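Student: One-letter residues, chain by chain:
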Amino acid sequence: AQSVSQHNHHVILSEAASLELGCNYSYGGTVNLFWYVQYPGQHLQLLLKYFSGDPLVKGIKGFEAEFIKSKFSFNLRKPSVQWSDTAEYFCAVTGDTGRRALTFGSGTRLQVQP
Amino acid sequence: GAGVSQTPSNKVTEKGKYVELRCDPISGHTALYWYRQSLGQGPEFLIYFQGTGAADDSGLPNDRFFAVRPEGSVSTLKIQRTERGDSAVYLCASSRQGGSYNEQFFGPGTRLTVL
Numbered sequence: 001a002q003s004v005s006q007h008n009h010h011v012i013l014s015e016a017a018s019l020e021l022g023c024n025y026s027y028g029g030t031v032n033l034f035w036y037v038q039y040p041g042q043h044l045q046l047l048l049k050y051f052s053g054d055p056l057v058k059g060i061k062g063f064e065a066e067f068i069k070s071k072f073s074f075n076l077r078k079p080s081v082q083w084s085d086t087a088e089y090f091c092a093v094t095g096d097t098g099r100r101a102l103t104f105g106s107g108t109r110l111q112v113q114p
Numbered sequence: 001g002a003g004v005s006q007t008p009s010n011k012v013t014e015k016g017k018y019v020e021l022r023c024d025p026i027s028g029h030t031a032l033y034w035y036r037q038s039l040g041q042g043p044e045f046l047i048y049f050q051g052t053g054a055a056d057d058s059g060l061p062n063d064r065f066f067a068v069r070p071e072g073s074v075s076t077l078k079i080q081r082t083e084r085g086d087s088a089v090y091l092c093a094s095s096r097q098g099g100s101y102n103e104q105f106f107g108p109g110t111r112l113t114v115l
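Heads up: the sequence lines are chains A and B, in that order. Going by this note's numbering, the first residue of the first sequence is number 1, and it counts up by one from there. Going by this note's numbering, the first residue of the second sequence is number 1, and it counts up by one from there.
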């Protein structure tokens, strides 16, 4: 069975600080990787996704993530955070076989202080 | 265009009661997913529909939970004999097609509270 671990449960940063949120997955086959974001009072929305090809993926709002197969990781990064990035961030995975639905990590709550 | 909608947005019920939660997917999306999100956790998969049929119901926790999608569009999640542990936000998502390569679009969720 696939699983996702997000080790940072709550992160507090000042504006302009750099961000890296950890995500590790467990799955025996080919994976598809996602980062979703949930802003306060809003729906879950997709930030970026990786299916294949260039392991460095760029998403919306200046976010990027790097797939490192040897480490089973897909960490999310942003060079300079803004107050508006305050949200909860979820890493998720699907596989090429078996369950088609997303398997989510427990999420990381990011708080950016002005 | 319109996104995924879910009704009601909040539902408070008493232990032992029956509840129905509704999901209207994005028009034309053939795949529909139900997830449950407990406080402090990520969403957990419940059931996946491809068209009218449940392609994967392995996430349903027990036989008190049931979902239908009779015409391949709107879906209803039904919970019988509700328990306090059923309290959570129930999320619905849809995608253009099934399969792991298709982006899932999420609705706002229904917050269920069982007293």
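Rather than coming from a laboratory, the hints here were simulated on the basis of the structure. Just to be clear, a hint being listed does not mean it is correct.
Computed footprint of chain A on chain B; a stretch qualifies when at least three of its residues, placed anywhere within it, have a C-beta under 8 Å from a C-beta of chain A [said to hold, decoys possible]:
| no. | segment |
| --- | --- |
| 1 | 11 to 19 |
| 2 | 47 to 56 |
| 3 | 65 to 73 |
With a straight-line cut-off of 25 Å between C-alpha atoms, the simulated SDA-like cross-links for lysine to any residue are [unchecked claim]:
| no. | chain 1 | residue 1 | chain 2 | residue 2 |
| --- | --- | --- | --- | --- |
| 4 | A | Lys49 | B | Gln41 |
| 5 | A | Lys71 | A | Gly41 |
| 6 | A | Lys71 | A | Gly95 |
| 7 | A | Lys58 | B | Arg81 |
In this text, all values refer to a predicted model and were calculated from it rather than measured experimentally. Yeah, the Cβ is synthetic: ideal placement off N, Cα and C, and Gly gets one too.
Student: Can you confirm whether chain A covers the segment 65 to 73 of chain B, using C-beta to C-beta distances below 8 Å and requiring at least three such residues?
Tutor: Three-residue rule not met by the segment 65 to 73 of chain B, so violated; n is 0.
Student: Take a quick look at whether Lys71/A and Gly95/A sit within 25 Å of each other, Cα to Cα.
Tutor: Holds, at roughly 17 Å.
Student: Can the restraint linking Lys49/A and Gln41/B be considered satisfied, given a maximum Cα separation of 25 Å?
Tutor: Between Lys49/A and Gln41/B the Cα gap is close to 21 Å, so the pair holds against 25 Å.
Student: Given the proposed pairing of Lys58/A with Arg81/B, does the C-alpha separation stay at or below 25 Å?
Tutor: Given that 25 Å is the threshold and the Cα spacing comes to 46 Å, the pair is violated.
Student: So is the segment 47 to 56 of chain B in contact with chain A by the C-beta rule, three or more residues under 8 Å, or is the coverage claim wrong?
Tutor: That given contact holds, which follows from 3 residues of the segment 47 to 56 of chain B lying within Cβ reach (below 8 Å) of chain A.
Student: Against the 25 Å threshold, does the CA-CA distance of Lys71/A and Gly41/A hold or violate the hint?
Tutor: violated, 34 Å
Student: Can you take a look at whether the segment 11 to 19 of chain B is actually covered by chain A? Rule is 3+ residues, C-beta closer than 8 Å.
Tutor: It is violated: at least three residues are needed, and the segment 11 to 19 of chain B offers just 0 whose Cβ sits closer than 8 Å to chain A.
Hints 1, 3, 5 and 7 from the list above are not met by this structure, while the remaining hints are.
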